[in-house]
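Colleague: Here is how the chains run, residue by residue.
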Amino acid sequence: MNLISPESKTNKDTMGNIQLKDICRVFFKIGAFSFGGVYSMLCFIERELVEKRKWLSNEDFMESVAIGQMTPGAPIVNTGICIGYKLKKLRGALFVTFFQSVTGVSLSILLAYFYISAQGNYILKSTMKGVSCAVVGLLAAIVYKMARKTIKSPTLALFVIASFLALFIFKINAIYIIILSGAIGFFVFNKMKPI
Amino acid sequence: MLPMLQEEFVQKYHWLTNQEFLDAIALGQITPGPLTVMNAFIGYKVSGLVGAILAMISSYLPSIIIVTLFAKFYYAYKDSPFVDSSFKGIKAAVIGLLAAVVITLGRESAVDISTILIIVGSFGIIAFSRLDPTFVIIGAGVAGMLFF
Numbered sequence: 001m002n003l004i005s006p007e008s009k010t011n012k013d014t015m016g017n018i019q020l021k022d023i024c025r026v027f028f029k030i031g032a033f034s035f036g037g038v039y040s041m042l043c044f045i046e047r048e049l050v051e052k053r054k055w056l057s058n059e060d061f062m063e064s065v066a067i068g069q070m071t072p073g074a075p076i077v078n079t080g081i082c083i084g085y086k087l088k089k090l091r092g093a094l095f096v097t098f099f100q101s102v103t104g105v106s107l108s109i110l111l112a113y114f115y116i117s118a119q120g121n122y123i124l125k126s127t128m129k130g131v132s133c134a135v136v137g138l139l140a141a142i143v144y145k146m147a148r149k150t151i152k153s154p155t156l157a158l159f160v161i162a163s164f165l166a167l168f169i170f171k172i173n174a175i176y177i178i179i180l181s182g183a184i185g186f187f188v189f190n191k192m193k194p195i
Numbered sequence: 001m002l003p004m005l006q007e008e009f010v011q012k013y014h015w016l017t018n019q020e021f022l023d024a025i026a027l028g029q030i031t032p033g034p035l036t037v038m039n040a041f042i043g044y045k046v047s048g049l050v051g052a053i054l055a056m057i058s059s060y061l062p063s064i065i066i067v068t069l070f071a072k073f074y075y076a077y078k079d080s081p082f083v084d085s086s087f088k089g090i091k092a093a094v095i096g097l098l099a100a101v102v103i104t105l106g107r108e109s110a111v112d113i114s115t116i117l118i119i120v121g122s123f124g125i126i127a128f129s130r131l132d133p134t135f136v137i138i139g140a141g142v143a144g145m146l147f148f
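Top to bottom, those sequences are chains A and B. Numbering of the first sequence is given in this note's numbering, commencing with residue 1 and proceeding in unit increments. Numbering of the second sequence is given in this note's numbering, commencing with residue 1 and proceeding in unit increments.
No wet-lab data here; the hints were simulated from the structure. All C-beta atoms in this analysis are idealised placements derived from N, C-alpha and C, irrespective of residue type, glycine included. Wrong hints could be hidden among the right ones.
Computed footprint of chain B on chain A, listed as stretches where at least three residues anywhere in the stretch have a Cβ under 8 Å from a Cβ of chain B [to be verified]:
#1 88 to 99
#2 108 to 114
#3 132 to 142
#4 150 to 156
#5 164 to 175
Okay, the calculated beta carbon distance ranges per label pair [unchecked claim]:
#6 B:Val-142 with A:Ile-172: 38 to 46 Å
#7 B:Ile-57 with A:Ser-153: 20 to 28 Å
#8 A:Phe-187 with B:Glu-8: 38 to 46 Å
#9 B:Ser-114 with A:Phe-170: 43 to 51 Å
#10 B:Leu-54 with A:Lys-21: 24 to 32 Å
#11 B:Gly-48 with A:Asn-190: 53 to 61 Å
#12 A:Phe-170 with B:Phe-147: 33 to 41 Å
#13 B:Thr-17 with A:Lys-125: 16 to 24 Å
In silico lysine-lysine, DSS-like type, Cα no more than 27 Å apart, as pairs [what the hints assert, rightly or not]:
#14 B:Lys-72 with A:Lys-54
#15 A:Lys-89 with B:Lys-72
#16 A:Lys-89 with B:Lys-12
#17 B:Lys-45 with A:Lys-149
#18 A:Lys-171 with A:Lys-145
#19 A:Lys-52 with A:Lys-171
#20 B:Lys-78 with A:Lys-145
#21 A:Lys-152 with A:Lys-125
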């Protein structure tokens, strides 16, 4: 029984038509408009890449999110890097990293140059308050969509609920939850596969 | 990541005061994209433009290397029973984790009826329509500016 299979060939066929410059353009837009916190970007990525352009399947998207959470560093950045790699290997990863942050970084440097303190500005605060509320709604929408598409069995639902409780009630570190869910997943889902 | 940054930059090296560190966080939240752009601010404060660029490169380089290696390994072995089954569990867990984040953030933000309205409204628009999130963000920002 062969436990290891070669890299799936179908991925290469469908990914061929996506141009690097398109990737740059899209991630520039994503990086430029995702105000209000890190989860904003997740919603934009889902909209642009999964729904609008269909560059990623829902599966691919969820994998990238999972990988982003599992690796050290900012989860959203890592998710972007993973997507970039999936679409265009190392070059994709590098370009995505650059374009998803270039607007934010430039803005950040600009504001530092003029030393505009974000703390005291009243108008800015109220605007951002509205935006952060929107981001909560955005993230909730993404979770809702992902849940609808992924939870196909009671077992899976159990995993979702368990990890939710683990983080929310018991405050267990997310990394441990992920490792544990992977281990448990291996035992649970492997047994269900016909041999 | 934040506590680590605070330890290094404020307590150990004294490159930033605590207030400047808080400013950096606020800046990172106001600017679009990931929070890590605040590292550019810190880099800039310490060593100008070169510092900012170096800060960003060094923040991202390990991530790029690790994630690329991880992804390469993952996509090569993705169909193997081990990876496939464990990731089934992981993907489900990630949904639960994000749901927990939503509740936590929601509890912080939903302080009155207008905030709740914005949250529910954005959820509805994104979940059930094809509208670009950009408009939702801009709309919410304008609403925030006017009503708060």
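Colleague: Compare the structure with each hint and give your call.
Modeller: Structure-based check of all given hints:
no.	hint	verdict
1	88 to 99	holds (count 4)
2	108 to 114	holds (count 5)
3	132 to 142	holds (count 11)
4	150 to 156	holds (count 3)
5	164 to 175	holds (count 6)
6	B:Val-142 with A:Ile-172: 38 to 46 Å	39 Å, holds
7	B:Ile-57 with A:Ser-153: 20 to 28 Å	44 Å, violated
8	A:Phe-187 with B:Glu-8: 38 to 46 Å	40 Å, holds
9	B:Ser-114 with A:Phe-170: 43 to 51 Å	33 Å, violated
10	B:Leu-54 with A:Lys-21: 24 to 32 Å	27 Å, holds
11	B:Gly-48 with A:Asn-190: 53 to 61 Å	54 Å, holds
12	A:Phe-170 with B:Phe-147: 33 to 41 Å	37 Å, holds
13	B:Thr-17 with A:Lys-125: 16 to 24 Å	21 Å, holds
14	B:Lys-72 with A:Lys-54	21 Å, holds
15	A:Lys-89 with B:Lys-72	8 Å, holds
16	A:Lys-89 with B:Lys-12	38 Å, violated
17	B:Lys-45 with A:Lys-149	45 Å, violated
18	A:Lys-171 with A:Lys-145	25 Å, holds
19	A:Lys-52 with A:Lys-171	36 Å, violated
20	B:Lys-78 with A:Lys-145	23 Å, holds
21	A:Lys-152 with A:Lys-125	42 Å, violated
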